[in-house]
Amino acid sequence: MPERRTILITDRDRPDLAAPGNHPDIQAFGWDLALRDREPESPLFTGEKTTADRDIAMMLGVRPGHPIIHRRSMWHRRHTAVIHGASARLEINSYANADMLPDWDDPKRFHQYRKRPGFFYQSLIREHGPVRWMTLTTARIAYEDERTVLGMDYAEAVLIIRRTMAHANGHPIEVTEVKAPANRYEVGYHREIAEDPEAVFAAQELSDNGIDLVI
Numbered sequence: 001m002p003e004r005r006t007i008l009i010t011d012r013d014r015p016d017l018a019a020p021g022n023h024p025d026i027q028a029f030g031w032d033l034a035l036r037d038r039e040p041e042s043p044l045f046t047g048e049k050t051t052a053d054r055d056i057a058m059m060l061g062v063r064p065g066h067p068i069i070h071r072r073s074m075w076h077r078r079h080t081a082v083i084h085g086a087s088a089r090l091e092i093n094s095y096a097n098a099d100m101l102p103d104w105d106d107p108k109r110f111h112q113y114r115k116r117p118g119f120f121y122q123s124l125i126r127e128h129g130p131v132r133w134m135t136l137t138t139a140r141i142a143y144e145d146e147r148t149v150l151g152m153d154y155a156e157a158v159l160i161i162r163r164t165m166a167h168a169n170g171h172p173i174e175v176t177e178v179k180a181p182a183n184r185y186e187v188g189y190h191r192e193i194a195e196d197p198e199a200v201f202a203a204q205e206l207s208d209n210g211i212d213l214v215i
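In the working numbering, the protein residues as written are 1 to 215.
Source of the hints: derived by calculation from the structure; they are not laboratory data.
Predicted model, so just to flag it, every value in this text is computed and none were measured.
Watch out, some of these pointers could steer you wrong.
As the list claims (entries may be wrong) - Label-pair ranges, simulated between beta-carbon atoms:
| hint | residue 1 | residue 2 | range |
| --- | --- | --- | --- |
| 1 | 169 | 135 | 13 to 21 Å |
| 2 | 35 | 167 | 23 to 31 Å |
| 3 | 153 | 103 | 21 to 29 Å |
| 4 | 189 | 130 | 39 to 47 Å |
| 5 | 200 | 49 | 29 to 37 Å |
| 6 | 36 | 192 | 24 to 32 Å |
| 7 | 195 | 4 | 18 to 26 Å |
| 8 | 129 | 28 | 28 to 36 Å |
| 9 | 35 | 108 | 18 to 26 Å |
Claimed, not checked - Straight-line C-alpha distance at most 25 Å; calculated SDA-like pairs for lysine to any residue:
| hint | residue 1 | residue 2 |
| --- | --- | --- |
| 10 | 108 | 162 |
| 11 | 115 | 138 |
| 12 | 108 | 30 |
| 13 | 108 | 61 |
| 14 | 115 | 33 |
| 15 | 49 | 8 |
| 16 | 49 | 128 |
| 17 | 49 | 177 |
| 18 | 49 | 154 |
| 19 | 49 | 70 |
| 20 | 49 | 10 |
| 21 | 108 | 154 |
| 22 | 115 | 67 |
| 23 | 115 | 170 |
| 24 | 108 | 128 |
| 25 | 49 | 141 |
| 26 | 108 | 146 |
| 27 | 49 | 170 |
| 28 | 108 | 124 |
| 29 | 115 | 46 |
| 30 | 49 | 192 |
| 31 | 108 | 36 |
| 32 | 108 | 137 |
| 33 | 115 | 61 |
| 34 | 115 | 143 |
| 35 | 49 | 99 |
| 36 | 49 | 126 |
| 37 | 49 | 61 |
| 38 | 49 | 117 |
| 39 | 49 | 31 |
| 40 | 115 | 136 |
We put the beta carbon where it would ideally sit given N, CA and C, even for glycine.
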């Protein structure tokens, strides 16, 4: 209790989870309706050029202070099966070396990166592919800021799934990190639990089968 939902790890096409166009509210309701009632202090997603702190620098193989592109998306999953109607939240952060996308600041390109769900990854793979993928799953006690963001209680564990897009030689290009409450989510591997691993399901079909996220 409460019933856990599934995060599915796949070895097929990896979606850009931090892309605004892939946010479930945008997919379900469209841009205008999904953003209409959002408060400025709690946006569905953000994207900015900033600099790498020590942890992000280690993930991307750059020096601290190096320019990076940080995109963040918050998903709120509401399920009748969850106790008291509470929502299960997912925090998704994407970090990329800004040198890999020199046109990020171009206004026309920026809107393409924002509006087109696959454009960010397509640009990276076109310019720096072929790529390989590495996925690491871990868990630990949540920090205070994570508990606030994810609606967790003290001493609860957070599930962390880190997926790295890398050059063929293994050098990181982009890192997506998914954080989820460990008492609400579990991880499954699609080739092990799917009756037909090659089947493609719509978002509603995934949700009906207890799958909230495909990585």
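Hint check:
no.	hint	verdict
1	169 <-> 135: 13 to 21 Å	18 Å, holds
2	35 <-> 167: 23 to 31 Å	36 Å, violated
3	153 <-> 103: 21 to 29 Å	43 Å, violated
4	189 <-> 130: 39 to 47 Å	23 Å, violated
5	200 <-> 49: 29 to 37 Å	34 Å, holds
6	36 <-> 192: 24 to 32 Å	41 Å, violated
7	195 <-> 4: 18 to 26 Å	20 Å, holds
8	129 <-> 28: 28 to 36 Å	31 Å, holds
9	35 <-> 108: 18 to 26 Å	21 Å, holds
10	108 <-> 162	30 Å, violated
11	115 <-> 138	31 Å, violated
12	108 <-> 30	21 Å, holds
13	108 <-> 61	29 Å, violated
14	115 <-> 33	15 Å, holds
15	49 <-> 8	30 Å, violated
16	49 <-> 128	19 Å, holds
17	49 <-> 177	17 Å, holds
18	49 <-> 154	32 Å, violated
19	49 <-> 70	6 Å, holds
20	49 <-> 10	29 Å, violated
21	108 <-> 154	44 Å, violated
22	115 <-> 67	23 Å, holds
23	115 <-> 170	29 Å, violated
24	108 <-> 128	21 Å, holds
25	49 <-> 141	29 Å, violated
26	108 <-> 146	34 Å, violated
27	49 <-> 170	24 Å, holds
28	108 <-> 124	17 Å, holds
29	115 <-> 46	13 Å, holds
30	49 <-> 192	39 Å, violated
31	108 <-> 36	24 Å, holds
32	108 <-> 137	36 Å, violated
33	115 <-> 61	29 Å, violated
34	115 <-> 143	32 Å, violated
35	49 <-> 99	11 Å, holds
36	49 <-> 126	21 Å, holds
37	49 <-> 61	17 Å, holds
38	49 <-> 117	19 Å, holds
39	49 <-> 31	23 Å, holds
40	115 <-> 136	28 Å, violated
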